[in-house]
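Participant: Listed below are the residues making up each chain.
Protein chains: 2
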Amino acid sequence: MRELKVDLGERSYPIYIGSGLLETAGDYVQKHGISIKSPLLVITDEKVAPHYLDTLLTSLETAGYAVASAVVPSGETSKSLKVYEEMMTSAIEAKLDRSSAILALGGGVVGDLAGFVAATYMRGIKFVQIPTTILAHDSSVGGKVAINHPLAKNMIGAFHQPELVLYDVDTLLTLPSREVSAGLAEMVKHGLIRDADFAHWCEENADQLLALDKDALAYGLLKGCAIKAEIVSQDEQENGIRAILNLGHTIGHAIEAIAGYGEFLHGEAISIGMVGSAKLGVMRGADASLHEDTKRMLKAIGLPTSLPEHLSTEDIMSAMMHDKKFREGHMIFIIPTAIGEVTIAKDVRAEDVRLVLEELKKEV
Amino acid sequence: MRELKVDLGERSYPIYIGSGLLETAGDYVQKHGISIKSPLLVITDEKVAPHYLDTLLTSLETAGYAVASAVVPSGETSKSLKVYEEMMTSAIEAKLDRSSAILALGGGVVGDLAGFVAATYMRGIKFVQIPTTILAHDSSVGGKVAINHPLAKNMIGAFHQPELVLYDVDTLLTLPSREVSAGLAEMVKHGLIRDADFAHWCEENADQLLALDKDALAYGLLKGCAIKAEIVSQDEQENGIRAILNLGHTIGHAIEAIAGYGEFLHGEAISIGMVGSAKLGVMRGADASLHEDTKRMLKAIGLPTSLPEHLSTEDIMSAMMHDKKFREGHMIFIIPTAIGEVTIAKDVRAEDVRLVLEELKKEV
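As you go down the protein sequences, you meet chains A and B in turn.
The opening position of the first sequence corresponds to residue 9 in my numbering, with each subsequent residue numbered one higher.
The opening position of the second sequence corresponds to residue 9 in my numbering, with each subsequent residue numbered one higher.
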C-alpha cells in the first residue's frame, strides 16, 4: 500500500493507493475522524454499483456506520442540476447532519457530483473519494468539484477538499480498454507538464499500464497524483500556477462540447488538445521534436492524436469563446516549451489556434 | 458615514453604513479591487428594482463597468434551485469571468441567492452586498449564503464572504412597517445574546427606530453588525460559538416551515422563538424576569410574542426534527441565562420544548 499526502495546510489529506482497500474502507474512514454517530451517504453510478457497492457498504456497516446509498445513471448527464437536487433529497432523507460525510464511489463524474453535494449540503460537510477509474486519479486530487450548466461544462462548482482518498487498484480491473487509455491521458499529461522522466516512463511502460498491471498502475497513479498535489499545494484556488494542469483542456473541452458529450471520452479529447498545444508550442519557438514526441507518447497508450474532419473548426473556436478559461477577454493557453515543461500564455491569437485546428485534422 | 471591519484574516471586509451610498457605489466597488475589465451582474428583486436599480446601474456604469442585471420575484420562493439556475444562466449570458463580481441589491433573500450564485459560479467569484432591509444587517455579516430545498430551508449553501457591504440607510425609508419590526428582531437578538446595554438601548429607542430615524438606524445597524462580526470572527465556519446567533431560530424556523413560508416574516417567527428560548432559560434556572424582559423588549418594537393556537405543537416538533441544528441526534438550543448572555445547550429534552410551545400559545 502506497500513501501520499496532499499538503494544503489545515485542509491536507492523504491518498492511499493499493489492493484490497475497499474491504477495509470502514476502518480508514473511522481513522480519519468521521464520526460514527452520524449517518453516511455513498453516491455511486449504475455501472460501478453492481461490482463494488456491496463491498463498500458492508465494510462501513461492519465499522459501525449507518449508511445510505444513491445510484445515479452512468456518464456526464448525471452532472446536472436535476441529479444534484435528487442527491440533496437523498442526503436529507438519510438524515445527514453537519458531522456526516458523503462518499464518492466511482469515476470523475461521481466524484464531481458527490463532491459538489458535499460542498453545499448544509454549507459543506465531509467528503471521501473512492475512485474506480484511472482518470479519477486526476480529479481526486485538488478539490475541484462541479456540475454542468446546459450552456457550459463545470460551470457550477466549488473547491472542496476530501478528508481522504482511497484508491483501490482492484477496482480498475473491470475498466473497458477505451477508458483505460482515456484515463492514462491525464497521467501522461502530468508528465508532460512537469516531469519528462515520468512522461518517458509512461511511454516505456505503456504495455504494462494498458494490461492493468497492478504495480505499474500503482506507481503511475502515485506519481500522477504527486505531481498534481505538488502543483495544487502551491495554488489551491487556481489563481496562478495551477492553471498549467489545464494543458490540452481548452481545445479538449471545446471538442467535447461540440461533438456532444459522449462521442469523445474526456481523456481522448484532451489528448487531441495536447497535440494541438504542442503544435502551438512549436509555432512559438519550441523544438519541432516536441510535437512528434508528444504525439508518439499519446499514441503509445492508445489515444487519438488527430481531429476528425467532421468537427467544424469554427464551431470549436466558438465553443472556446464560452470556456471559462477566458479571463478579462484574453485567450489563455497552456503551451509546452519542451517535454516536462509548460508556460502560461495569455496572448494567444485566435488565428494561430484556428490554424492549429486545421492542421490537427491532417495529422496521421 | 460609519465604517466597520469584519475581521476574518485574508477574507476580512468592510461594511459602510450611511446615507447616499448607492449613488457612489461604483467608486466603492472600484476602490475594493473589483476589475473594471470584467463584467458585473446585479441581482435584485421586483420590489426593490423600481426604487433603486437604476441608481445603482448608473453609478456602476459611470465608474466604467459593464453591468447586467437580473430581477427575481420578491420573497422566499426565489431561493429555489429553479431561480438559482436562471441566475447562473444570466451570469453566463453576461459573460461573467473569474474576475467578475455579483452584486446583491435587496434583502436577505436576494443576498442569500446572489451570494450562493457567486459562491458557485466558476467555483466562486467575488460578491458585494447592498442590503435594502433592516433584516439584512444580519445576513450581510458572516458569509452564510444558501437556497432552500423543498424539504428544508437553507439546506443548500456555502460560506462565501463579500468583498464589501454597502448599507445605504436611505433605502430603508420605503420599507413597510411590518418589515421594519421584523428586521429589528435580529437587531434586538444581537443585544439579547451579547450586549445587555444594547438590548436596553433598542427598547428605549424603539420609537425612533420604528420611525426610521436615520441616526438611530445607523447606530443600531452598526452595533448589530459589530456584535455579529465579533462572533463570526471567532468562528467563521460555525463549528462552535457562532451557533449562539441562532437564538430563537430553532423554534422560529419550525414555525415558518409549518405555517407556510409567508404567513410569518422571519423576524416575527424568531421573535416568538426568542420568547420560547427565554422560557426554556427560566425552566433551567434563570431568573423569571428574563422571560418578562425579553417579551417586553420584543413587544416594544412591534413583534409577536405568542404562538397562534392554530399551529399544531406536534407539527412544530416534527419540523424541528428536520432542522439542521440537530447534530449527532441531540437537540441543540441556544438558551438565554440573562439579558445579554446565552449558553449552547446540547441536552434539551423534547418534553421541555413541547411544554414551552404549549405555554407560548397562552402568552398575552
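Heads up, some of the hints might be wrong.
Which copy? The list can't say, so a pair holds if one copy fits it or any two copies do.
Unchecked claim - Calculated lysine to aspartate or glutamate pairs in the DMTMM-like style (CA-CA distance at most 25 Å, straight line): (1) LYS90 x GLU101; (2) LYS103 x GLU359; (3) LYS354 x ASP223; (4) LYS55 x GLU359; (5) LYS354 x GLU84.
By construction, these hints were calculated from the structure, which means they are not laboratory data.
Participant: Against each hint, give a clear statement of whether it holds in the structure.
Facilitator: Results of checking the hints against the structure:
no., hint, verdict
1, LYS90 x GLU101, "both (17 Å within a copy, 21 Å between copies)"
2, LYS103 x GLU359, "between (54 Å within a copy, 22 Å between copies)"
3, LYS354 x ASP223, "neither (40 Å within a copy, 50 Å between copies)"
4, LYS55 x GLU359, "neither (42 Å within a copy, 47 Å between copies)"
5, LYS354 x GLU84, "neither (30 Å within a copy, 42 Å between copies)"
Hint compliance for this structure: hints 3, 4, 5 are broken, all remaining hints hold.
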